[in-house]
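Visitor: One letter stands for each residue in the lines below.
There are 2 protein chains.
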Amino acid sequence: MINNKCEVCIVLPNNTPVYETKSWVVSLNPDQAYLGRCYVTLKKHKGDLADLTDSEWLEFADIVKTLEAAVRHAFGATLFNWVCLMNNAFQTEHAKPHIHWHFRPRYDHKVTFSGTVFSDPSFGHHYDRTHVKKVLPKTLGNINKIIKKQFS
Amino acid sequence: MINNKCEVCIVLPNNTPVYETKSWVVSLNPDQAYLGRCYVTLKKHKGDLADLTDSEWLEFADIVKTLEAAVRHAFGATLFNWVCLMNNAFQTEHAKPHIHWHFRPRYDHKVTFSGTVFSDPSFGHHYDRTHVKKVLPKTLGNINKIIKKQFS
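Going down the list, the sequences are from chains A and B. First residue of the first sequence? That's 24 in the working numbering, and the numbers climb one at a time after it. First residue of the second sequence? That's 24 in the working numbering, and the numbers climb one at a time after it.
Any given hint could turn out to be false.
Pairs count within a copy or across copies, as identical chains cannot be separated in the list.
[Claimed, not checked] Computed list of lysine to aspartate or glutamate pairs in DMTMM-like fashion (alpha-carbon distance at most 20 Å, straight line):
(1) 45 <-> 77
(2) 69 <-> 91
(3) 133 <-> 116
(4) 28 <-> 71
(5) 172 <-> 131
(6) 67 <-> 43
(7) 45 <-> 131
(8) 119 <-> 91
(9) 28 <-> 54
(10) 119 <-> 131
(11) 88 <-> 71
(12) 88 <-> 77
(13) 88 <-> 54
No lab work stands behind these hints, which were simulated from the structure alone.
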């Protein structure tokens, strides 16, 4: 099920998941410019959304519901950007894309959490890839905990 | 089912669809920098992916399969970026987001179609929002036709 030439397959077991289902893992992105930013990664190595089964799609639909509700409740997010690209895998000759979603909560207000202020200066517009905020491991752990708590 | 304060609801009936299902409409974006770029828009006015029913998700899954296959066959696209944002709706005070996906085919090669050369200079990287190509209505019509043909 895993491909040992795929970076995502190799990294996936080392993540501390926020949440997981039979087919998907939700894990925080170390860049928290968009507070609560997560990866939602398929456990199996598949490279194209066209290859998802109906049950993988419906599990994903459940994650959309539960993750949005959790981050809305934890931090008051206003809306959510969902993005599936897989571009980087194609920088090598024998591309091994692995399905993962980028989940970016968007905020119409500043949020202070764990002593850090998070803001979304381009709210109402496309996410800004130069807006980066690598947080301390402790802060990342606290974000993980508060989101995870919403699932329990 | 439609909201007369929602721009998407108002514009939707005027589009010439490439393809449609019970719940979704696929229509070309006038910007064809990424050849075959489409909107995939929910017919009902709903503002959050969390509100989609299971059957709307599974119809969307079918569109992913058929649209990717059609554009791969028509133009030889290499991979596909799928993006659901809804940011612009939040530029007004009483936001009325309407679920729609941005579908951007990506190409590791140039494609000449209908007398126009299409290239993807940032292939292997995030799509470039400054890479814009408004094509002539005739060219747009030809793109529509060739994609539509794959569905028949």
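Visitor: The structure should be examined with respect to each hint, and the outcome stated for every one.
Guide: For each hint, the structure was consulted:
no., hint, in the structure
1, 45 <-> 77, "both (13 Å within a copy, 18 Å between copies)"
2, 69 <-> 91, "between (24 Å within a copy, 15 Å between copies)"
3, 133 <-> 116, "between (42 Å within a copy, 17 Å between copies)"
4, 28 <-> 71, "within (17 Å within a copy, 36 Å between copies)"
5, 172 <-> 131, "neither (24 Å within a copy, 43 Å between copies)"
6, 67 <-> 43, "within (13 Å within a copy, 30 Å between copies)"
7, 45 <-> 131, "neither (34 Å within a copy, 34 Å between copies)"
8, 119 <-> 91, "between (29 Å within a copy, 18 Å between copies)"
9, 28 <-> 54, "neither (25 Å within a copy, 36 Å between copies)"
10, 119 <-> 131, "between (37 Å within a copy, 15 Å between copies)"
11, 88 <-> 71, "between (22 Å within a copy, 9 Å between copies)"
12, 88 <-> 77, "both (17 Å within a copy, 12 Å between copies)"
13, 88 <-> 54, "neither (22 Å within a copy, 32 Å between copies)"
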